[in-house]
Each structure stands twice: as structure tokens, then as C-alpha cells.
Amino acid sequence: MKISKTKKAKGVGKNTKAKAKKTVPSISFIEVLSAKEDDDAREKLEEILDVIEEKGKNLYEKRTVESLLDYKKMVKSFIEEAVEFGLKIEEKRGFSRGGRGRILRTVSNIDSKLTQLTDAILKKEKKQINLLEKIGEIQGLLVSIYL
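Number 45 in full-length UniProt numbering belongs to position 45 of the sequence shown; there are no gaps in the numbering.
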């Protein structure tokens with residue numbers, strides 16, 4: 001029995017390179033939305049820091065309970081926004097007796113500095129350098145949360 005040669009179909013068996021489609025990396029809607037939300041949150045935090053700086057200057061100049069309360073209110077607002085935004089805040093590891101996580105270390109430090117500042121204002125401390133130092137420490141802690 002004789003086997004006859006068959007013709008190969010065109011293109012079969014040849015080394016043809018398939019044209020690879022080049023894909024352009026696409027950004028999903030969720031990624032765009034998330035980036036926009038991050039930008040908005042950072043912008044809001046920057047605005048609050050500016051207001052805190054303004055309130056700090058006002059507190060330094062007036063040294064009244066009202067200016068102190070305004071300052072503390074803005075610091076609280078910043079901390080709430082920072083936590084909501086999910087910024088990195090140092091945590092003290094461990095749990096309380098109720099099984100809840102311990103308070104945040106940086107927030108605790110800020111609260112401590114605010115208490116010292118409150119004491120200084122209420123005692124009508126006249127040492128401007130000390131007052132400025134406390135305001136500067138609080139702002140430094142807030143900036144460390146932001147960065």
C-alpha cells in the first residue's frame with residue numbers, strides 16, 4: 001500500500017507569530033473613586049491643621065478659656081477625621097479587662113498635652129514660651145498622625 005503525500009494547508013505548520021494584542025492597563029472605577037476619596041480626606045485634614053494653627057495663635061494671644069475650648073474642639077475634630085480616614089496611629093498592644101483594645105498611644109499623648117495646656121490656661125500662666133511649647137508639641141503630634 002502506497003501512502004500518498006498530502007498537501008499541507010497554507011499557514012499550517014509554518015512558524016507564524018500571532019499578533020499579540022497590547023493591553024493598556026485600565027484603572028477600575030473603584031480605584032479612581034478611592035483615589036479621589038483619599039485626596040479629599042487629605043485635603044480636609046490639611047484644612048483642619050491650618051485651622052488648628054490659627055486657633056493655636058489665637059490661644060497664644062488671648063489665653064482665654066473660650067479660645068482654649070475652640071482649640072481643643074479642632075484637635076478633636078482632626079483626630080476623628082484622621083481615625084475615620086484610617087491614618088496610621090501607633091497603638092498600644094493589649095486588651096483591657098473587657099476585651100476591648102487599649103486606647104491609642106498617640107491620641108493619649110495628645111490628650112495629655114491638652115490637659116497640660118488646659119491647666120496652664122486655667123492657672124493664667126504667664127510664661128509665653130511654655131504655652132507656645134505646649135501648642136507646638138500638640139501640633140507636632142497631630143502632624144505625625146497625618147504623615
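Hint data in this document are derived by calculation from the structure and do not stem from the laboratory.
Check the hints yourself; a few may be wrong.
Unchecked claim - The calculated lysine-lysine pairs, modelled on DSS-like cross-linking and capped at a C-alpha distance of 27 Å, are:
| hint | residue 1 | residue 2 |
| --- | --- | --- |
| 1 | 73 | 44 |
| 2 | 113 | 55 |
| 3 | 44 | 76 |
| 4 | 72 | 55 |
| 5 | 113 | 76 |
| 6 | 113 | 57 |
| 7 | 36 | 62 |
| 8 | 73 | 57 |
| 9 | 113 | 73 |
| 10 | 62 | 72 |
| 11 | 36 | 57 |
| 12 | 55 | 44 |
| 13 | 62 | 113 |
| 14 | 72 | 57 |
| 15 | 73 | 55 |
| 16 | 62 | 76 |
| 17 | 72 | 113 |
| 18 | 57 | 76 |
| 19 | 113 | 36 |
| 20 | 44 | 57 |
| 21 | 73 | 62 |
| 22 | 36 | 76 |
What the hints assert, rightly or not - Distance ranges between label pairs, derived from CB positions:
| hint | residue 1 | residue 2 | range |
| --- | --- | --- | --- |
| 23 | 61 | 27 | 46 to 54 Å |
| 24 | 38 | 60 | 12 to 20 Å |
| 25 | 30 | 136 | 35 to 43 Å |
| 26 | 136 | 28 | 23 to 31 Å |
No residue lacks a Cβ here, since even glycine has one placed at the ideal position from N, Cα and C.
Hints and how they fare:
1. 73 with 44: holds (16 Å)
2. 113 with 55: holds (16 Å)
3. 44 with 76: Distance of about 14 Å is within 27 Å: holds.
4. 72 with 55: Given pair residue 72, residue 55 holds - Cα atoms ~9 Å apart, limit 27 Å.
5. 113 with 76: Roughly 13 Å between the alpha carbons, so the hint for residue 113 and residue 76 holds.
6. 113 with 57: Cα-Cα ~16 Å, so holds.
7. 36 with 62: violated (39 Å)
8. 73 with 57: This hinted pair holds, its Cα atoms lying about 15 Å apart.
9. 113 with 73: Within the cut-off at roughly 14 Å; holds.
10. 62 with 72: Given pair residue 62, residue 72 holds - Cα atoms ~15 Å apart, limit 27 Å.
11. 36 with 57: Violated, at about 32 Å.
12. 55 with 44: Since the Cα atoms of residue 55 and residue 44 sit roughly 16 Å apart, the hinted pair holds (cutoff 27 Å).
13. 62 with 113: Holds: residue 62 and residue 113 sit about 19 Å apart, inside 27 Å.
14. 72 with 57: holds (13 Å)
15. 73 with 55: Holds: residue 73 and residue 55 sit about 10 Å apart, inside 27 Å.
16. 62 with 76: Judged against 27 Å, a Cα distance of about 21 Å means the pair holds.
17. 72 with 113: Distance of about 11 Å is within 27 Å: holds.
18. 57 with 76: Holds, at about 17 Å.
19. 113 with 36: Violated, at roughly 34 Å.
20. 44 with 57: holds (20 Å)
21. 73 with 62: holds (17 Å)
22. 36 with 76: holds (24 Å)
23. 61 with 27: 46 to 54 Å: holds (48 Å)
24. 38 with 60: 12 to 20 Å: Violated - the Cβ-Cβ distance for residue 38 and residue 60, about 33 Å, lies outside 12 to 20 Å.
25. 30 with 136: 35 to 43 Å: Given a distance of about 40 Å, which is inside 35 to 43 Å, the answer is holds.
26. 136 with 28: 23 to 31 Å: violated (43 Å)
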